[in-house]
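S.K.: Listed below, chain by chain, are the residues.
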Amino acid sequence: MATSLTSRKVAAADAASVPPRRSRVDTTFYLFLIPSLVLFTLVITLPAVMGIFYSFTDSIGFGEFEFVGFINYIVMFSDPAILGSYAFTIGFSLVTVLVVNAAAFLLAIGLTSKIRAKTALRTVFVMPMVVSGIIIAFVFNFLFSNSLPRLGAALGSDLLSQSILANPDLAWTAIVFVTAWQAIPATMLIYIAGIVAIPGEVYEAASLDGASPARQLVSITLPLVAGYVLINMVLGFKNYLNAYDIIVGLTDGGPGTATRSVAMTIFSGFTGGDYAYQMANAVIFFLIAVALAMLQLRLTRGKVSV
Amino acid sequence: MLTSQSSAPSEPTRRAFLAGAGIAGAGLALSGCTAGPGTDEITFYQSKPEVIGYFSDLVERFSTDRPAVRVSHDSTSNLSGGFVRSSPPDLGCLNYNFEVARFVDRGALTDLSDLPAAQRINPDLQPLIELTANYPGRTSVLPYSLMMASVLYNREIFAEHDLDVPTTWPELIEVCDTLADAGITPIYSTFADPWTVGQGLFDYSVGGMVDVTDFFTRLRQQGTDVGPDSPVSFQKDFAEPVQRMLTLAAYSNDDATSRGYGDGNLAFAGGQAAMYLQGPWALTEIAKLDETVDVGAFPLPMTDSADDLRVRVNVDLALWIPEMSSQQDEARELLTYLMQPEVINAYNEFANGFGVTTDAPDVSNPTLQELQPFYDDAAFYLGATQLIPQSIPVHNYAQALVTGSDPDQILRTLDADWARLAFRS
Numbered sequence: 001m002a003t004s005l006t007s008r009k010v011a012a013a014d015a016a017s018v019p020p021r022r023s024r025v026d027t028t029f030y031l032f033l034i035p036s037l038v039l040f041t042l043v044i045t046l047p048a049v050m051g052i053f054y055s056f057t058d059s060i061g062f063g064e065f066e067f068v069g070f071i072n073y074i075v076m077f078s079d080p081a082i083l084g085s086y087a088f089t090i091g092f093s094l095v096t097v098l099v100v101n102a103a104a105f106l107l108a109i110g111l112t113s114k115i116r117a118k119t120a121l122r123t124v125f126v127m128p129m130v131v132s133g134i135i136i137a138f139v140f141n142f143l144f145s146n147s148l149p150r151l152g153a154a155l156g157s158d159l160l161s162q163s164i165l166a167n168p169d170l171a172w173t174a175i176v177f178v179t180a181w182q183a184i185p186a187t188m189l190i191y192i193a194g195i196v197a198i199p200g201e202v203y204e205a206a207s208l209d210g211a212s213p214a215r216q217l218v219s220i221t222l223p224l225v226a227g228y229v230l231i232n233m234v235l236g237f238k239n240y241l242n243a244y245d246i247i248v249g250l251t252d253g254g255p256g257t258a259t260r261s262v263a264m265t266i267f268s269g270f271t272g273g274d275y276a277y278q279m280a281n282a283v284i285f286f287l288i289a290v291a292l293a294m295l296q297l298r299l300t301r302g303k304v305s306v
Numbered sequence: 001m002l003t004s005q006s007s008a009p010s011e012p013t014r015r016a017f018l019a020g021a022g023i024a025g026a027g028l029a030l031s032g033c034t035a036g037p038g039t040d041e042i043t044f045y046q047s048k049p050e051v052i053g054y055f056s057d058l059v060e061r062f063s064t065d066r067p068a069v070r071v072s073h074d075s076t077s078n079l080s081g082g083f084v085r086s087s088p089p090d091l092g093c094l095n096y097n098f099e100v101a102r103f104v105d106r107g108a109l110t111d112l113s114d115l116p117a118a119q120r121i122n123p124d125l126q127p128l129i130e131l132t133a134n135y136p137g138r139t140s141v142l143p144y145s146l147m148m149a150s151v152l153y154n155r156e157i158f159a160e161h162d163l164d165v166p167t168t169w170p171e172l173i174e175v176c177d178t179l180a181d182a183g184i185t186p187i188y189s190t191f192a193d194p195w196t197v198g199q200g201l202f203d204y205s206v207g208g209m210v211d212v213t214d215f216f217t218r219l220r221q222q223g224t225d226v227g228p229d230s231p232v233s234f235q236k237d238f239a240e241p242v243q244r245m246l247t248l249a250a251y252s253n254d255d256a257t258s259r260g261y262g263d264g265n266l267a268f269a270g271g272q273a274a275m276y277l278q279g280p281w282a283l284t285e286i287a288k289l290d291e292t293v294d295v296g297a298f299p300l301p302m303t304d305s306a307d308d309l310r311v312r313v314n315v316d317l318a319l320w321i322p323e324m325s326s327q328q329d330e331a332r333e334l335l336t337y338l339m340q341p342e343v344i345n346a347y348n349e350f351a352n353g354f355g356v357t358t359d360a361p362d363v364s365n366p367t368l369q370e371l372q373p374f375y376d377d378a379a380f381y382l383g384a385t386q387l388i389p390q391s392i393p394v395h396n397y398a399q400a401l402v403t404g405s406d407p408d409q410i411l412r413t414l415d416a417d418w419a420r421l422a423f424r425s
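So the protein lines, in turn, are chains A and B. Be aware that the first sequence starts at 1, since it is given in this note's numbering, and climbs by one per residue. Be aware that the second sequence starts at 1, since it is given in this note's numbering, and climbs by one per residue.
Isolated chain A (complex conformation) (with noise of 0.2 Å):
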């Protein structure tokens, strides 16, 4: 739009002098476009196509195959393992989402008020947010397959003095815990963005009218973030359903297949043998992220711009 605009505006400024052309784009603005176009086709699109190809097919990534119509997905659709997974997937990501936004948003409320040590402890928080994925996960598996279960059996806790992440019933909730410690800075500072932009002449304004910390809070503060809830809420949501690092380190998908996550169980594909079915996997998968995506379009059309 910005472009458009600023050629009308030189075409009328030229309009005197020069007999009026047609507003044509320069070609260099194309130029810049190739690149990344070249490669995002080559490294992205194409591969998907191939992918979509597969999922039609019995290859096993190389050599012969045949194709073998639609019995992939039909498969796909009574394979508990598959089901299985997405429905622990899915479940997982609604939990963590509501937990780490409800704690980001806690903690983001407490580091943007008046209080002592702010950015030190803005540090502080943010801190896990630079820590990868696969090395927490390593350090807490230590923590809850040894100190927790000692410290379980110290309290003379029955259920804690067995490690969580070997009960089936309960490994999950680990899953949560450590992907919210990791996730809650990112969203923290979208929050904390979110709430210092609200110009504080609204907070003097609402104090000069008697109205309370808790009555400002949830009268001014939580309708003028609304939109960075949204954000948070559906930007999460989609990064959790590609949960991959942090189970692999913590359980590997177990107790037995207790917490195979998608993404878990469409790589074992390519390390199985079993590619043009976990292909199948995929394009679901993809299906359903797309979905989502154009959900949080229409979702947040308007509502970003507070």
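Hint data in this document are derived by calculation from the structure and do not stem from the laboratory. Hints may contain errors.
Claimed, not checked - Computed, partial: chain B to chain A, Cβ under 8 Å:
1. 66
2. 70
3. 192
4. 390
Stated by the list, open to error - Residues on chain B that point at chain A, a partial pick, calculated with CB under 7 Å:
5. 73
6. 77
7. 80
8. 194
9. 258
10. 399
11. 400
12. 405
13. 422
14. 424
From the three backbone atoms N, C-alpha and C, an ideal C-beta is built for every residue, glycine too.
Dock chain B against chain A, hints included.
M.R.: Just chain B, lined up with the frame of chain A:
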């Protein structure tokens, strides 16, 4: 707008520079491609981490003998990726598992039956190799090293409590009870690593009671029709072994669910338990931690008869040459070099493996010597987890069994997975 403003002289130089850079880059890329064919360089793929150094030395010795053939030793590339790009290694030396089985099934490996070395392979091993994968009319792989995995036991602890090596199931339970009563952990288990449950408790229990070769041969003939009513199925044939497996699992250390392979080696080397269900690869690790610990080995007894004793084996390394290799002669030359008795026997002695040729000597490792009679009688089987395709997460199922899942349900899932896989392949 920007281009029109730029000064005339600077433009050609910039273009010339970019063009030059482009040509240079293309040149680099091309030279990278053309290095392969034309020269006598072959790629030798071998990635077993413990012996990469050993094979590097071997390859170097080969190169000094035959200066005409240059060998590059690859231990890191993605094997499937190589086949997909039509540039697989010229000679592979790999664990003979389902990854390699895929290459065999699709006819991607050459026939080696005309090589003199192929005539020396112990015929007892042939059924095992064909059970994993077979391309009609071809000898697609030559085994190189055989691993016999069984129960490792601490001879000192057994002697202290006057225990003999158990040869039947009741004797085994008696040993476990005696140890438990004396306050010693009978079996050290590492349930946090699914593969240790799969290759250990699960495979040993099944292999000790079920004729694995016969079971999988019949199961494959069954096709998609595998379920509660089929003559052969996991839920029918594996139910009893799995029950006994769970009985044994109860004799494990209390924190087994959160212990991994490394913890197991450490604990067993430290004398924290009397028995440990691991393969010979763990011996090296245990010796690193404590050289003095006196370790013995026996096959897990699962029935009332000592005649049923069998050891779980796997073809730890096997040699193969892809059809796509353009250096067949050189690859065969290196293969023949590696198969020479003095080379292959020295390797197996180094790696705690059993020989695969008819002229192989007995093992010298004092732990593994206890298993030699079983090798001589061909009293061995391939682990069930090695014969279930990788797309079925059988190790995870084995882990679920020992962490409290319903065994009937897990075995039903296995049947359903098997039938589903048969349907789409």
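S.K.: Under 7 Å, Cβ to Cβ, is where residue 80 (chain B) needs to be relative to chain A, so tell me if that hint holds or is violated.
M.R.: holds (5 Å)
S.K.: Min Cβ distance, residue 399 (chain B) to chain A: is it shorter than 7 Å?
M.R.: Holds, about 5 Å.
S.K.: Would you check whether residue 194 (chain B) satisfies its interface hint, that is, whether its CB is within less than 7 Å of any CB in chain A?
M.R.: holds (6 Å)
S.K.: Under the criterion of a CB-CB separation shorter than 8 Å, is residue 70 (chain B) in contact with chain A as hinted?
M.R.: violated (26 Å)
S.K.: Hint validation: residue 77 (chain B) versus chain A, beta carbon distance must be below 7 Å. Holds or violated?
M.R.: Violated: closest Cβ of chain A sits about 14 Å from residue 77 (chain B), beyond 7 Å.
S.K.: Can we keep the residue 424 (chain B) interface hint, with Cβ of chain A closer than 7 Å?
M.R.: Since the shortest Cβ distance to chain A is 5 Å, the answer is holds.
S.K.: Answer holds if the nearest beta-carbon of chain A is closer than 7 Å to that of residue 400 (chain B); otherwise answer violated.
M.R.: It holds, given that the least Cβ distance between residue 400 (chain B) and chain A is near 3 Å, below 7 Å.
S.K.: Under 7 Å, Cβ to Cβ, is where residue 258 (chain B) needs to be relative to chain A, so tell me if that hint holds or is violated.
M.R.: holds (3 Å)
S.K.: Does the interface hint hold: is residue 192 (chain B) within less than 8 Å of chain A, judged Cβ to Cβ?
M.R.: holds (7 Å)
S.K.: Does the interface hint hold: is residue 73 (chain B) within less than 7 Å of chain A, judged Cβ to Cβ?
M.R.: Hint violated; residue 73 (chain B) Cβ to chain A Cβ min 23 Å, cut 7 Å.
S.K.: Return the status of the interface hint for residue 66 (chain B): holds when the least beta-carbon distance to chain A is below 8 Å, violated otherwise.
M.R.: violated (31 Å)
S.K.: With a cut-off of 8 Å, does the beta carbon of residue 390 (chain B) approach a beta carbon of chain A closely enough for the hint to hold?
M.R.: holds (3 Å)
Of the numbered hints given earlier, the model fails hints 1, 2, 5, 6, 13; all others are met.
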